[in-house]
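Quick mapping for you: the protein sequence lines, in order, are chains A and B.
Numbering of the first sequence is given in our numbering, commencing with residue 1 and proceeding in unit increments.
Numbering of the second sequence is given in our numbering, commencing with residue 1 and proceeding in unit increments.
Careful: at least some of the hints might be erroneous.
Capping the alpha-carbon separation at 30 Å, the derived lysine-lysine pairs in BS3-like fashion look like this [what the hints assert, rightly or not]: (1) A/K111 <-> B/K280; (2) B/K208 <-> B/K234; (3) B/K236 <-> B/K207; (4) B/K203 <-> B/K58; (5) B/K316 <-> A/K111; (6) B/K95 <-> A/K111.
Derived from the structure by calculation, the hints contain no laboratory data.
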Amino acid sequence: MDILIYGTINSIALALMALGFALVYGISRVPNFAHGALYVITGFIAWSLLRTLGLNYFFSIVLAIIAIGVVGALMYQFVLIRVRGMAISEIIASYAIGLAILEGLRWGGFKGSTYTLPVFIEGSMTIGDIPVDFHRILVVGIGAAVVISLWLFTHYTRIGLALRGMAQDERAALMLGIDSDVMAVVAMASGAMLAGLAGIVLLPLGNIVVEKGYDVLIQAIAVCIVGGLGSWMGAVLAAFLIGFAQILTVVYLGTHFQMVVSLLAIILTLIFRPSGLFGRQKELEERV
Amino acid sequence: MKTKFFVVMMVAVLFIFPTNRALAEKPIILGCPLSTAFLYGWDAERGIKLAVDEINAKGGVNVGGEKRPFKVEVIDTRDLEPGVPVSEALLAVEKLILDKKADFILGGPVRSEAALAAMPLLSKYKKISILSTGVLTPKYSALVAKQYDKYKYCFRIHGEARQLVGEMFANFTELKEKYGFNNLFIIAQDVSHARGAAKVMKKVALKKGWNVTGVEIYPTGASDFSMGLLKARKTKTEIINIWMDMPESSILLKQWYDMKIPALPFGSTLAAAEQPGFWKATEGKGEYTLCNVVNAGNAPSEATPWTMKFYNAYAKKWDVEPEGLGSSSSYMAVYVLRDAIERAGTLDSDKVVPALEKTDVMGVYGRLRFDPKSHQVIPSMDPKEGAVGTVLQWQAGKRIVVFPKSIATGSIKLPPWMKK
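Between the sequences and the hints, there should be enough to build the whole structure, so can you do that?
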């Protein structure tokens, strides 16, 4: 029972961490290596609005997520657009932005373990004799809501359909009058907001530390590679695979092997199924 | 006339303000390789800078009749960060010696692995190092004792893991007698000192008749501890012994509170819980957490007349109370070094080493003396006899010292969900 409960929570947390990365790559083919930094900085923005300016928690969260969406759009508009299509340059540029954000935060004094956000609901309950706090239950609910909303958005809204059109065939989308750069900006802003939302939902479970940015990036990359780069439904499935694998590893092998799971998943995927579970990188498979 | 006036004024200034004259002398460079983004790094830096400011304000260090000020050079070693190789810390130490021309190395490296790796470097350049934060591995002082001629430049002024284990068991025994506790669960971070301490804790616990219900080693950066805590709960654990200095340890304590695990969290080098800001950061969920802050002065007590004087001076200068392991010991490292330099009358390492070995200072956390063979500060339960440790417990938003009894300001309390 404990494996089922905490495996589900862990999987949803991983899915939340990875969705933004998967969305951006799926639509604009830009591997956003600043993803972890956006996750962390959203936490610090919300913290500053809440603790320093004394704003209401809900408004702090909303403003922080909007702000990070703007940051994501600006990142694309002013930096990534210039290197679009050059995979290595995209990685270098986005990683450099992420590094600048994280190290800038550290340089600015955001260090230590005292930066925290309050949980949304205090208290805990027992499910079949297993204690679980309300915030973790909420993480599962929010995660599920995000996945469903994302599906509805990409299937039933004009922008969502345009984004899917871009993801499927950029040239065909251009012929149908969809502006690829505008859509890429939208994708980048949405991806950044998803990273921010993940931060807002998951950071109250612990503290906001700069180092988390690097960890989130690794987890997001692992989930997306296993799920198949570009497929956000694949990312959700991979999050469950890795999430449960991590918990099973902790229970049956030992806690210190927990961190190896994601990296091992990347290696095994690249060996046996380079395009991932739902990926469309067939050329990669052919090359391998 | 003008020249004469100028000369007279200059002479007057030199005689009236001798402090300034000291400051004009060539400074003694204190190279501090510290992991500055982490508590054990930045609090050590603050402790060192406070002592340096105080000493310089009083005219500096008397080196063979010449007053010279201290100057601090800090390089971030990043050795407490997950995934940063030890070589980064070694580069920092070497840069301090070769580039910054450090006369002495103070503070770190902070991680045991890095400090052990830096020992041959210190020996190569004949640079005296006084470790004052982080490093707890007993191997450090054991190596000095084993290869004295090679590693005689290495000193440690704060407590080490064996001392901490002894202090822990003194408390565990008391809890056993008072509440009948007998089940111990150990959680450690996957780093040298913590792994070593967990092994020793398990061995000693079994020898003392404790039932060790589990040992969990978490990688640095781990952020979910639910399965470990559930194991502790299933095995009817009464004390969870935590050896973790990563910031994520506060997640562990929050989870412990949210899950209402009926076991007392008793940490050592539990950096997150040592900080004064811990209460606010956890919104009170850290209540009842116990942690060993290694030396007195890192939490409020009256260990010696100097303890609260230091405590208040630190709080005044940095706008925060002394924060944890490394604060008082780094502060005292500067004073002890000054004392040794003044007795040696030179900065020559080979002459300062014997002077340091003869150190006998009543400091912030008791009488400070080094074991002449291992260069480890001599510990004691009585501040009049040696360096005393401190175990604190968070009670109603305050850090209450509960051990050793000679300096305690309160006693251990149990959370309401495990009242016996």
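Results of checking the hints against the structure:
1. A/K111 <-> B/K280: With Cα atoms ~16 Å apart, A/K111 and B/K280 stay inside 30 Å; holds.
2. B/K208 <-> B/K234: holds (23 Å)
3. B/K236 <-> B/K207: Holds - the C-alpha atoms of B/K207 and B/K236 are around 20 Å apart, at most 30 Å.
4. B/K203 <-> B/K58: violated (49 Å)
5. B/K316 <-> A/K111: Holds, because 21 Å separates the two Cα atoms, which is no more than 30 Å.
6. B/K95 <-> A/K111: holds (24 Å)
Hint 4 alone, counting from the list given before, is not met by this structure.
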